[in-house]
Every structure is written in C-alpha cells, then in structure tokens.
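Here are the chains, one letter per residue:
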Amino acid sequence: MVGNELAISVSGASKNFGPVRAVDNLSFDVRRGEVFAMLGPNGAGKTTTIRMILDILKPDSGEITVLGHRPGGAILDRIGYLPEERGLYRNQKVAECLTYLGTLKGMSASDAKKKAMHWLERVELEEVATKKVSELSRGMQQKAQLIAAIIHSPELLIVDEPFSGLDPVNTQLVKDILHELKSQGTTIIMSTHMMHQVEAMSDRLVMLNHGRRVLYGTVDEIRRKYAIGAVVVEGDGDWSKLPGVARVTQDENGREFTLVLADGTTPKDLMKAIAESPEHHIRRFEEALPSLDEIFIKVVEGDAGEQEEAGGA
Amino acid sequence: MRKIWLIAKREYTYNFRRKSYLFSAFGVPVVILILVGVLILIMQQQFTATGTLGTIGYVDKAGVLEPGVALPDEYLEFESEEEAANALESGTIGAYFVIPRSYWRSGIVEAYAYGDVPEGIQDQLESVLRANIAAAINSPYVERLQEPLNFIFRTIDGSRSVDLDTAIALFIVPYVMAFAVLMAISITSTFLMQGVMEDKENRVIELIVTSVSPLELLWGKMIGMAALSLTQLLIWLGAAVAAVELIGRGGHPVIAQALRLPPDYAITMIIFSLLGFLLYASLMIGIGASIPTDQEARQIASLILMPFVLPFFFMIQIMGEPSGPIALALTLVPFTSPLTIAMRWPLTTIPLWQLLTGMALLLVTMAIIIWIGARIFRASMLMYGKRLNLRELWRAIRYSTVTG
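Chains as they are written, first to last, in the numbering used here: chain L, 8 to 320; chain V, 35 to 438.
The following block holds chain L by itself, in its conformation from the complex:
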C-alpha cells in the first residue's frame, strides 16, 4: 500500500442502469498527490464513476482499486467527498452537524469538534457555528459542505462540481483551500462540466462523453495534441499575404488574428517570415492551443477522441 503510487485505478469499468449504459468500459489511473480532473458534459457518467469509486454503486464489470484496496469498508474513512447533490442535516447546528460527520469518519468527538471550528474560522463561518444549517445562505452551505468533506484530513478528496453556486470571492477561497490541501499531499479528484475552471489547476484529466473516455492525459499533452496548426498574433500588416498562411480569422475583440497554417508550414517558419517582412509588425505571437472547451466540442462533434486510437495511456 505504501509503495503504491496510484491513488485510484479504474480498469474496464462499466455500469448500466436498465437500458442506459452510464459508464462504458472506462479505464484511468489517478496518481497520489496530483490534482486530477474528471471532465465531461452533464450526464457523461462522472457522478456514476465517482459513486463506484466510493462504493455507493458496484460496477457491473471491471476493476476499481482505491488507495490500494477494493472500494468500501475501512478506506472510506481516508476519503473525503463533496457530492454534487449537496446536503447536510438541515435542523442541526452547523458545528454539531460537522462534528457528527467527522466522527462518522472515525475521528474522536473532541478532535472533530476542534477541526470543525478551525475550518469554520478558515472559511469565515465561525459566527454561524451555532446556527442551524437551514438558516445559512446557499454559499455558506456550500462552504460548510466542503468542510464536511475535508474535516478528517482525507488522503483522497473527491469534489463534484466544487465551484457551482459560489461567487468569485468564495470560488477563489475554495481554490486556495484545494491548493493548500494539494501542497500537503492530498490527492484531489475534481469533477466538473465547467472545463475552463480546472484547466489551470489540474495536473491530468480524463474526459468523458456518454460514459466513455474520450480524452486522457496531462492538460498540456492534450492541448498540444489538439493544436490546430495555427498561431495567434497581435500586430499590424496584412497577415494573409504571408507565405504559408492558409486562412485568417479575426477574433471577437478585433485585435487578435488567428492564422491557420498551410500544410507543411510550422509556426517557426511563420515566425521567420514575419521577422523578414518589412510590412509586418508584431506585438504578440503564440501557438494557438485550443481550450479544453474547444477540444471537447471538437471531440464530441467528431465523436472521435481516443476511441479511434489504440489505448491512449
């Protein structure tokens, strides 16, 4: 267990609900200490996958290993979970409720109480500690819910749509806490359909669509793989006159131009051409890497992804 560097290993997992195949032959690994994003649109099978990892559901076929063990049992105490369907005991006082949930994760009552107060202070909820959960605003409940997931300092933290319903200030607060946990060695799995939210935070990702894996790897790898052979420039001159430029589109803000390269032309060639051209002046030049949103749309529209390739990992 100690030597095992994988926090989670999912191999060939499938899950059907009646005629609906929610998860289809899914495989991926999560390494210890990384921030791993699970992306995909609503209904892609993210929550079902999480529930299989957490032993709420059993896969119909395939193997899942969590922290070196089969899901469920004692290892549940080492996992923290922020479910998409948020919920605490509404008629209980906030600190009491969090303390109780902490004890259910194996903490002593006094330890759980201390930790609950510590985190309530950290997310600026200390003055509502003795209020009932039902009296909290939506954003406050979200933060209390996050505490319920991390109160027992889990080795593995699974957060489902962690930023939904949060204002920008609280979104940043939650991001800070997640960074802090990561720096302490916590493995974090983030599931979301808001892909731009996690682009900067994640080390690696898996992208699901209709229960199948369509992308898997590091964020950079994937973006590079889906590089469309184009560069983004800002500057002056008629860009279409440059050799090797097949097409020019002006971006929405009017300042940036995307230059699609002709076959055989590299960004380096174009850079050289611009440098040699007296008519062109350049302020910015970068390879046009698509955002995860764009990649996703492309993958889903072509329904291509990795399925055509042989084993992405």
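Simulated from the structure, these hints should not be mistaken for lab results.
All figures in this text were calculated on a predicted structure; none of them were measured in a lab.
Cβ atoms here follow ideal geometry from the backbone N, Cα and C, with glycine treated the same way.
Among the hints, erroneous ones may be present.
Unchecked claim - In silico SDA-like pairs for lysine to any residue, Cα to Cα no more than 20 angstroms straight-line:
1) V:K43 x L:M114
2) V:K43 x L:D118
3) L:K65 x L:D36
4) V:K53 x V:R332
5) L:K100 x V:Y46
6) V:K37 x L:D118
7) L:K100 x V:N49
8) L:K139 x V:R332
Said to hold, decoys possible - Which residues of chain L face chain V? A partial, calculated answer using Cβ under 8 angstroms:
9) L61
10) I63
11) I82
12) I86
13) P90
14) E92
15) R93
16) G94
17) Y96
18) Y107
19) T110
20) M114
The hints should help you fit chain V onto chain L, whose structure is shown.
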C-alpha cells in the same frame, strides 16, 4: 460497530427532542396521572364529605334512627322542624331532612336545602336507614338484606379472582397495556420513516453512505429508535405504576390491587413490543426509502399499521373468551401477537407454548422483513424524488444492485 453506535446515539437524541415525541412519551402519561388524581378527588368528595354542605340536620319523627347506629359524625338531630329551619337560615347546617311519622309505610323523607343536595347524601342516608332498620329487625341474615350480591369473577384455573367493584379495573389493564404497546410500536417507527425521507430530501444520505455502510446506517437508525420506543414504553409503564399507587393511597386499595402490573406481564410486553417495533420499523424504512411524498408515505404507513391494530376490533371476542380460538389465532399471527397478548394476559393464563410460538413466528417474520427493508433501502436511497415501481422493488429485493 462504533459507527452503528454513533448513528443510534444521534437518532436517539435528535428524535427525543421532537415535540411530538415529548408529547407522546411524557405528555400523555402526565395527562392521565392528572385525570386519575382529579377522579380520586371527586370520588372522595362524593363518598366521604357529602359535598360542601358541612353539617346536615335531621328531624326524626318516625323514630327510625337509633343513636350510634351507622350515623356519620356530620349529622345533627333537631327536635323540631322550626329549629332545623332556623339553623339552615343561620348557616350552621347546609341542609336538613325530615323523616315524617308516615315513613314506615311510605318511605318518604323530605329534604330541605338552599342549593342542590348531592347524590352522595341520598346514598349515604339510604345506607344509614338500612342499617337502622336492620338493627330493628335483629336477625343473623340481616346483613344479606343490605348486600344480597357480591359477585366474584374467577379465572378457570383459579389463579386470579376479582369482585364486582374491581371487575372494571380488570378490563382497564389489558386495554391500557394494548394501547401503550401500540404507541410504542407506531410512534417512533413513524419518526424513522420520516428520518429516512428527510435524509434523502436533505441529500445528506449521499455523504453518510460514503462514511458508513448502508447496513450500519440501517441498524444504527433501528437501534436508536428502538431505544427511543423502549424509553416511551418504560415511561408509560412507570406512569401506570404511579397511577395505581395514587389510587391505592387515595382510599381504593382494592381497585389498586386489581390494577397492579405483574412484573412478568410487563417484561413479556416489553419483549413483544420491541419485536413488534422492529417489524413495523423495517416496513417503515422500506416505505421511507421508496416513496417520495410525505402524504403518500403516511397513508401507506397507516394502512400497514392496520394488522397491528386488528386485536382492538376483536377486543370483545378476545376479552370475552381469552382462551378461545380467535384469541389463540391472533396470538400466533406475527402482526397481531403483541396487542393480543397484551389483552389476554390479565384475563387468562396464556400457555407457554403459545407465547413461544407467537414470539418465534414474530422473530422469523421480522428477520424476513428487515432483510427486504434493507434491500429496498439500499436500492432506493440515492433515487431522489423518484418512486420505485413494483418491478424495481422486486428487482431490488431479488438482487442487490448496490453494495452491502
């Protein structure tokens, strides 16, 4: 095991604070105790003090009343009606009556008072007159004239017997016990159903099942609520013992003796109501988990309670013939056994084999229902706002689609 205990503890303390629990556990016994107290006070007023009239005057023209024969202290003799009338006017007496010379033939006694004459005075005067007439007749059987009938009910084996005065009490004990058992079975089970529905509604269930296994959760809830149900039953039984004590000290030791709670009866009923609770509670868990709307769940819950309540409909048959075929059948049927045994026990001697068979059948049914309830609970706990249809229910019972 520790987690089952944590859940049980939370369920107990959380539900203990519910207003409806506090009312049923404490409110009902307190109300009953107060009623018993008031009743005793009223009875004492009627039987001893003859109301608020104070001293009663009388004028005996017929010479019926011999001094010293059964005459209560508050009776005062006057020589003439005028004197008595004056005393009434001045307030030294509250009422007076005149026994005219014609009494021996007519039996007429005239009463005078400003307000009502309590009924108790009539009874009292009647027994005083009777005692005096008996003294005049002077026969050894004269006592029978006063009290010709003293009915005694005996159980067939002669182990218990009651006279007419306490016969009513004999029927109160099984009735009250059956009611207490029914409440112990149903009230906290309903909380349990609501709790399961609340957990689903709050969505907290998803968090809980990633900390404990569904069976740990189920048993934690069951044990916590069983303890709560037991608490209520013990409070009620305690209140009943206190009420009997109150009646005994209130001057009715014979009735109190008839009402007393034999310990073996109490223990048997505690066991049967616990088993009944577990049976009904596991049905309630299944309903709470599979039916999304509160109103509908309540309707089905009260429908399922019907077989438990059935003995009340057969009360006349059970109590009239406590060892008869209907009583026997209802003792053996798992759903009806707790209340039926509660009704039969004080009236007959239930053979041990009947108790044990009833208990065994209840246990087996309970185990099956708990198993089914747990399956439904596991299959439907994460289906929010959705009702399981019969096919899905059957599927849930046959296969475990989720983890144990």
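Right, here's what the structure says about each hint:
no.	hint	result
1	V:K43 x L:M114	holds, 16 angstroms
2	V:K43 x L:D118	holds, 18 angstroms
3	L:K65 x L:D36	holds, 18 angstroms
4	V:K53 x V:R332	holds, 18 angstroms
5	L:K100 x V:Y46	holds, 16 angstroms
6	V:K37 x L:D118	holds, 16 angstroms
7	L:K100 x V:N49	holds, 15 angstroms
8	L:K139 x V:R332	violated, 27 angstroms
9	L61	holds, 5 angstroms
10	I63	holds, 6 angstroms
11	I82	violated, 11 angstroms
12	I86	holds, 7 angstroms
13	P90	holds, 4 angstroms
14	E92	holds, 4 angstroms
15	R93	holds, 6 angstroms
16	G94	holds, 3 angstroms
17	Y96	holds, 6 angstroms
18	Y107	holds, 6 angstroms
19	T110	holds, 6 angstroms
20	M114	violated, 11 angstroms
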